[in-house]
Amino acid sequence: MAKRLLTFLALGLLLVFSCSEPQKQKSKEQKAVSSEEDLTTLAFKNRYIVGFSQCTFEDPWRINMNKEMEKEAGQHMELKLVIANGENRNAKQVADIENFLVMGVNILIVSPRESAPLTPVVEKAYSAGKPVIILDRKIDSNKYTIFIGASNLEIGREAGKYLAEKMGGKGNIVEIEGILGATPTQERSQGFHEIIDSYPGIKVVYKQPGDYKRSPALKVMENALSAYDRIDAVYAHNDEMMIGAYLAAKAAKREKGMLFVGIDGQKEAVDMIRQGLLSATFVYPNGAKEAILYALMIAQGKSVPKEVRLPTTRVTRDEALDYSGF
Amino acid sequence: MKAAPSLGLIGLILVLTVVWDLFISPEMRITGKFFTARNLGNIFRQNSEYGLLAVGMTFVILSGGIDLSVGSLLAFSSVLTASMIERQPLAGPGYALLVVALGLAGAAALGLGNGLMVVLGRLQPFIATLAMMSIARGFAFLWTRGRGIDLLGDEPKLFEFLGSDLGPIPVPAILFLGSVLCSLLVLHRTRLGRFIYAIGSNEAAARLSGVPVGKIKVLVYTICGFLCGVAAMTYTARNYAGRPDDGLGFELDAIAAVVIGGTNLMGGRGGVGGTLIGALIIGVLNNVLGIRGVDPNLQRVLKGAIIVAAVLLQRERKSD
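One line per chain: the protein sequences are A and B, in this order.
Mapping to the working numbering: the first sequence position 145 is 145, numbers consecutive.
Mapping to the working numbering: the second sequence position 85 is 85, numbers consecutive.
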């Protein structure tokens, strides 16, 4: 009896869920229609709809990117910004872009989760005459209007130059890598070594991955500290790992005089840099503001370059004081 | 001593290390560094979290179950604790104690949930804890809205203590070894312990002999949840942070430690002494390979090989 009841309950639930799905879609379609109406009325007022397909909302760096883009768009009355959450899935992001096309947005901004899976849908949009701004990660094609992004290779070089100078050309470095095999990890390491390897007095004595997370980086640094009596500097591929390395050095009472360099410009790291606990971070710019500014230029019919490389900002105790992190 | 072959394995790893340093890469001769107190501390410091999870896992596996939710429970308890500290960073030691108590209670409550699903819901432990793995992780993300909680500069002294050293001995190691000791007592000196072994060997027989199977099982999952909470406390204190995506995949390390330690995955045989050795083997291996700068991908291969070797060694022993 109880079993039968349960089965009914389960079936009922299934029914409710299966019904609610198409309803959702219906409301989406309604939305799409109404926004098309909006569009015609807006077009008279010279307003452009900008659809931004963000690959995920779960990463602080991306959350900040959304915030900055909304802030910048809010200052331009002629633009209306709509943001879609790709939920860290390629298929969802492709669907988001297709929805934008159905909605009839005027300009598309895409920050791809991965290059290859997003390429066809972006090509389709561009071929249909839609201006497409690609942010941060490239796609496998040149069918887009403009690419805006930072260079990890360049950031790696900047970090290398900074450390080489601060160390006076000699000493031992611990390098804490990000996720092995990921492109940013490779480029942040490659750029750094291009500079550091040309100094015979500087040696990267210890190099292990910390997966861009604090806890693994803390363990890597603990091992490095017991393996080497002399460590002059730490180069971490992001700020979260730099903080982990600092905590390990502090627990071993060896943090004094040690240089800590990270990448990203995370708020906690910036705070610690201002307190003099950490040395420097190199901001990995998100390009949100630039994307809106170029969208504006496109809307006004101005020509834009095919590629814009964003420079990094070096944040130290007394540099880039107006930067507060994300 | 069932775990003796595994103990031999640790010796083997150390001998290989010395050989490696003497003959293969003499320029990296840092063997001496391995045997320092600081490094010994590292091994315990870094593996107490896994170790605590593995002790809880031992209880569950001995009773014939499995718990896949331990990593998620750690993350849940960690963000719960971190968020309470963040709210009142300046509060006194009384508040810190309360926070620790609530963090432990939260993890134990989810463990209790596991037990109830298994016993009252009659779900297979694999399914019930798989569901809890997702539920607890989801709660952790909802609670923090996807963003981690940072305690840099906010951590109360009393809480900081949980991640620090007491003289040369790391506090997480004390908690880990303490939990091993308590578990040894419970498993081998109490009726509860005998009941757990009985259920794991033959549940039907245990039930017929009047063992309160349901109650004991619920208790076992609750104990496991509680130990996840203890692990979460040291984890949070050490990292000065609570992150909803922490502890991903920890359940596999915990299960590996239990299995290397000689506990039978079908239940009823083995013990927490073996788990201690299992956790140490993984710890020594991570440490030795790490300080020698062995390629991280090769490290994974070697770790897998060690698990197989440990289990094979035990099997030979059994057939003697």
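Take the hints with a grain of salt, since some may be wrong.
Label-pair distances were calculated between CB atoms; the ranges are [what the hints assert, rightly or not]: (1) A:GLN186 - B:LYS157: 35 to 43 angstroms; (2) B:LEU252 - A:LYS143: 36 to 44 angstroms; (3) B:PRO89 - A:GLU58: 45 to 53 angstroms; (4) B:HIS188 - A:LYS92: 51 to 59 angstroms; (5) A:GLU194 - B:GLY167: 25 to 33 angstroms; (6) A:GLU58 - B:PHE126: 55 to 63 angstroms; (7) A:GLN190 - B:CYS182: 33 to 41 angstroms; (8) B:LEU98 - A:GLU58: 25 to 33 angstroms.
Simulated from the structure, these hints should not be mistaken for lab results.
Note that CB positions come from ideal geometry on N, CA and C, so glycine has one too.
Check: Can you name, in rising order, the numbers of the hints this structure does not satisfy?
Finding: 3, 5, 6 and 7
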